[in-house]
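Each chain, written out:
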Amino acid sequence: MAATRGKSFVGRFGVHLAVLVFVVIWTIPTLGILVSSLRDKDQIIASGWWNSFSSSSQTEAGRLPAASAQTQKDGKYVIEGNVFGDGAKRAISAFGTKAAAPTQYKAGTAADLGDGVSLQVNADGTFVLSSPKAFEGDRGQRVYYASSAPPKFTTENYENVLLSQGIGRSFMNSLTVTIPATVIPILIAAFAAYALAWMRFPGRALLIAVIIGLLVVPLQMSLIPLLKLYNGVGTFFGVPSKTYLGIWLAHTGFGLPFAIYLLRSYIAGLPREIMESARIDGASDFEIFVKIVLPLSFPVLASFAIFQFLWVWNDLLVAMVFLGTAPDQIVLTAQLNALLGSRGGNWEILTTSAFITIIVPLIVFFSLQRYFVRGLLAGSVKGG
Amino acid sequence: MAAQIFSAIFVIIIGVGGCVAYFWGANKLLDLIFPSRGVSGSAAVDNLRRQGLVRPWLFVGPAMIILTIYLIYPVIETLRLSFLDRGGEHFVGLANYQWAFSDQDFRNSIFNNILWLAVVPAACTFLGLIIAVLTDKIWWGTIAKSLIFLPLAISFVGASVIWKFIYEYRGEGQVQIGLLNAIIQYFGGQPQVWISLPFWNNFFLMVILIWIQTGFAMVILSSALRGIPEETLEAAVIDGANPFQIFWKIMVPQIWGTIAVVWTTITILVLKVFDIVLTMTNGQWNSQVLANLMFDWMFRGGGDFGRGATIAIIIMIAVIPIMVWNIRQANKETGGH
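Chains A and B, in that order, give the protein sequences. Heads up, the first sequence is in this note's numbering, so the first residue is 1 and it goes up one at a time. Heads up, the second sequence is in this note's numbering, so the first residue is 385 and it goes up one at a time.
Honestly, I wouldn't trust all of these hints.
[As the list claims (entries may be wrong)] The following label-pair restraints were derived from C-beta to C-beta distances: (1) A:G85 x B:L501: 29 to 35 Å; (2) A:G282 x B:I398: 33 to 39 Å; (3) A:Q72 x B:S580: 55 to 61 Å; (4) A:I25 x B:S580: 56 to 62 Å; (5) B:I449 x A:L17: 54 to 60 Å; (6) B:T452 x A:P295: 43 to 49 Å; (7) A:A101 x B:S580: 42 to 48 Å; (8) B:S580 x A:F236: 44 to 50 Å.
[What the hints assert, rightly or not] The calculated DMTMM-like cross-link candidates involving lysine to aspartate or glutamate, where the alpha carbons are at most 20 Å apart (straight line), are: (9) B:K633 x B:D623; (10) A:K228 x B:E615; (11) B:K633 x B:E615; (12) A:K41 x A:D112; (13) B:K412 x A:E287; (14) A:K41 x A:E159; (15) A:K291 x B:D415; (16) A:K73 x A:E60; (17) A:K291 x A:E276; (18) B:K633 x B:E614; (19) B:K521 x B:E614; (20) A:K73 x A:D115; (21) A:K73 x A:E156; (22) A:K98 x A:D112; (23) A:K76 x A:D124; (24) A:K73 x A:D112; (25) A:K228 x B:D430; (26) A:K228 x B:E473; (27) A:K228 x B:D415; (28) A:K98 x B:D688; (29) B:K521 x B:E615.
[To be verified] Coverage of chain A stretches by chain B, computed from C-beta distances (three or more under 8 Å per stretch; other residues unrestricted): (30) 28-38; (31) 46-54; (32) 226-233.
Think of the hints as simulated: they come from the structure by calculation, not from any bench. Note that the structure is a prediction, hence the values are computed from the model and not measured. Glycine is no exception: its CB is placed at the ideal position from the N, C-alpha and C atoms.
Use the sequences and the hints to build the structure in full.
Below you can see the structure in the form of structure tokens.
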């Protein structure tokens with residue numbers, strides 16, 4: 001661009017720096033959940049994800065064995081063992097006996113607990129508690145220690161959420177909703193768009209005007225009447241009111257005005273000569289549509305397909321109104337919302353589930369970016 | 385799992401197949417009833433004419449039926465329900481509207497919506513424009529744009545989880561695992577429960593939408609910037625204009641129309657913002673907005689369809705003028721198809 005010419009080195013450096021800052025701010029949030037979803041679940045709460053490549057330190061509490069475990073040695077009563085028991089060993093850096101000062105003593109030094117009682121906890125977790133008098137009571141000494149563990153990455157979280165948290169199942173449900181809810185409106189809109197662009201019939205202009213008018217209807221308007229209608233139909237025929245068919249049609253309805261608007265303006269722009277020569281050759285409208293119009297309209301169909309696919313996949317509102325929340329129907333976004341409520345603090349589950357939810361849109365985004373951009377450019381007139 | 389995949393595929397095939405079968409079957413049927421091949425000349429012409437009368441309706445029929453059920457009927461019905469009581473049985477006149485404007489929750493939602501409207505479209509458009517201009521000048525601009533554009537593919541719910549993790553709060557003195565509180569603590573500040581701070585929490589929710597929508601503004605404005613004739617920029621450089629003058633006096637005025645479209649498109653989105661508020665706070669701590677309030681009234685305590693419908697109408701009244709303007713603009717640009 002002309003504006004870059006003759007600019008100083010500092011100015012150009014500033015541009016690079018500014019863009020870098022924007023990119024970092026925009027990427028870090030997503031990176032955070034990706035990294036966290038791959039971390040061990042104890043480490044997620046022990047340290048921020050940005051520390052995940054260094055050892056994580058955490059403060060833990062434990063109880064030493066009770067008086068029954070004591071032995072007599074050199075005239076003293078001694079309890080020995082390992083604070084980690086049989087569990088995974090970590091490196092201890094400091095320990096203490098009061099919650100207020102959990103890291104009062106360095107590992108490997110002896111702590112004087114008063115009355116001649118001393119406690120030593122070593123870096124490897126072994127401890128020696130000794131006293132001139134016999135220990136009493138069935139509750140052992142409370143001990144706090146700071147330990148550090150090497151970074152640990154795992155795919156355990158993914159196994160967990162896919163199989164036990166219902167994410168795998170709702171992933172399939174989302175696909176079941178999204179694929180037909182993308183294909184059906186394309187088919188219906190393409191036929192209608194062709195008819196509105198190239199066929200003569202009374203009321204055509206009025207129909208076009210109505211469809212463009214419907215672009216402005218926000219989808220919130222439709223929810224209550226449709227919910228009542230679905231409940232009515234459900235009770236009347238004795239069928240469930242929340243079905244896949246119901247949500248396909250709902251998404252089709254909300255997507256149709258935009259789809260027809262977009263496809264019609266493209267199909268109307270196709271060259272007239274092609275249609276006319278095909279018609280002279282004896283092709284019917286159906287044949288012209290299938291053999292000529294559909295292949296020629298591929299770019300606009302792809303744009304709409306991506307737009308609608310992402311829209312339906314990412315939708316929460318329509319799914320919550322028209323689809324149940326039972327395991328065989330709940331979609332990913334609704335499942336994630338439910339997990340936010342029930343597993344609010346379990347970040348290993350939330351980050352992993354969120355990443356699974358966004359992985360499909362990300363793949364679509366990176367592989368079909370060109371069509372995606374075009375769909376978005378056109379999508380600025382979508383009302384729903 | 386396998387059984388579920390199988391049943392999903394089965395259901396998908398039924399749904400899509402049914403739709404294909406309709407169009408194909410209806411045309412076949414029409415050709416059978418009025419054959420145009422293999423009959424005598426005049427009969428063929430007659431039948432072709434009859435086909436021509438029927439076929440357009442076969443093509444637009446499904447669209448018309450679905451649009452009537454899913455959009456036209458609901459608009460009329462919502463309007464009617466907004467004058468009825470909670471069960472939709474008794475006429476209550478304007479009582480629902482009176483309730484709305486005296487209800488504390490509703491006023492609060494309107495206030496928050498206005499706050500969102502004032503901040504989000506402006507922030508997205510401004511940031512998008514800046515990034516579009518900057519990335520145009522560097523060799524790795526395309527990669528940078530892709531990364532900034534990426535959140536647009538993420539669902540609002542997914543984005544909410546992502547940002548909830550950033551706003552995560554742990555008690556003072558504990559290790560902060562939320563990025564924002566960790567930074568605050570690093571600089572010696574006091575960690576906060578960001579999403580439950582009344583008034584300010586609105587802004588923390590807005591950040592999420594800005595993070596998502598800036599990419600949209602950037603892409604559209606970037607393509608508009610490319611359309612600026614090179615000569616005007618060169619002339620400005622020769623006249624000795626500095627980069628800021630070029631930006632404000634040459635570039636911005638030339639893409640003013642596109643800026644307005646981006647602004648209004650995001651405005652419409654903001655008016656209907658729902659998912660972010662539902663998942664982050666569900667309207668608690670004074671962060672309620674209209675769309676979530678409506679959802680509340682639809683289902684809370686058995687639902688009040690009258691009040692829910694009233695809120696829907698109010699959303700529509702706010703959205704329509706902007707939409708109409710937007711569609712006019714879009715039509716102008718594509719040559720008025």
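Results of checking the hints against the structure:
no.: 1; hint: A:G85 x B:L501: 29 to 35 Å; result: violated (59 Å)
no.: 2; hint: A:G282 x B:I398: 33 to 39 Å; result: holds (35 Å)
no.: 3; hint: A:Q72 x B:S580: 55 to 61 Å; result: holds (57 Å)
no.: 4; hint: A:I25 x B:S580: 56 to 62 Å; result: violated (24 Å)
no.: 5; hint: B:I449 x A:L17: 54 to 60 Å; result: holds (57 Å)
no.: 6; hint: B:T452 x A:P295: 43 to 49 Å; result: violated (31 Å)
no.: 7; hint: A:A101 x B:S580: 42 to 48 Å; result: violated (31 Å)
no.: 8; hint: B:S580 x A:F236: 44 to 50 Å; result: holds (45 Å)
no.: 9; hint: B:K633 x B:D623; result: holds (13 Å)
no.: 10; hint: A:K228 x B:E615; result: violated (60 Å)
no.: 11; hint: B:K633 x B:E615; result: holds (14 Å)
no.: 12; hint: A:K41 x A:D112; result: violated (35 Å)
no.: 13; hint: B:K412 x A:E287; result: holds (11 Å)
no.: 14; hint: A:K41 x A:E159; result: holds (13 Å)
no.: 15; hint: A:K291 x B:D415; result: holds (17 Å)
no.: 16; hint: A:K73 x A:E60; result: violated (29 Å)
no.: 17; hint: A:K291 x A:E276; result: holds (14 Å)
no.: 18; hint: B:K633 x B:E614; result: holds (15 Å)
no.: 19; hint: B:K521 x B:E614; result: holds (14 Å)
no.: 20; hint: A:K73 x A:D115; result: holds (18 Å)
no.: 21; hint: A:K73 x A:E156; result: violated (45 Å)
no.: 22; hint: A:K98 x A:D112; result: holds (13 Å)
no.: 23; hint: A:K76 x A:D124; result: violated (24 Å)
no.: 24; hint: A:K73 x A:D112; result: holds (18 Å)
no.: 25; hint: A:K228 x B:D430; result: violated (46 Å)
no.: 26; hint: A:K228 x B:E473; result: holds (13 Å)
no.: 27; hint: A:K228 x B:D415; result: violated (40 Å)
no.: 28; hint: A:K98 x B:D688; result: violated (55 Å)
no.: 29; hint: B:K521 x B:E615; result: holds (17 Å)
no.: 30; hint: 28-38; result: holds (count 6)
no.: 31; hint: 46-54; result: holds (count 5)
no.: 32; hint: 226-233; result: holds (count 4)
Checked against the numbered hints listed earlier, the structure breaks hints 1, 4, 6, 7, 10, 12, 16, 21, 23, 25, 27 and 28; every other hint is satisfied.
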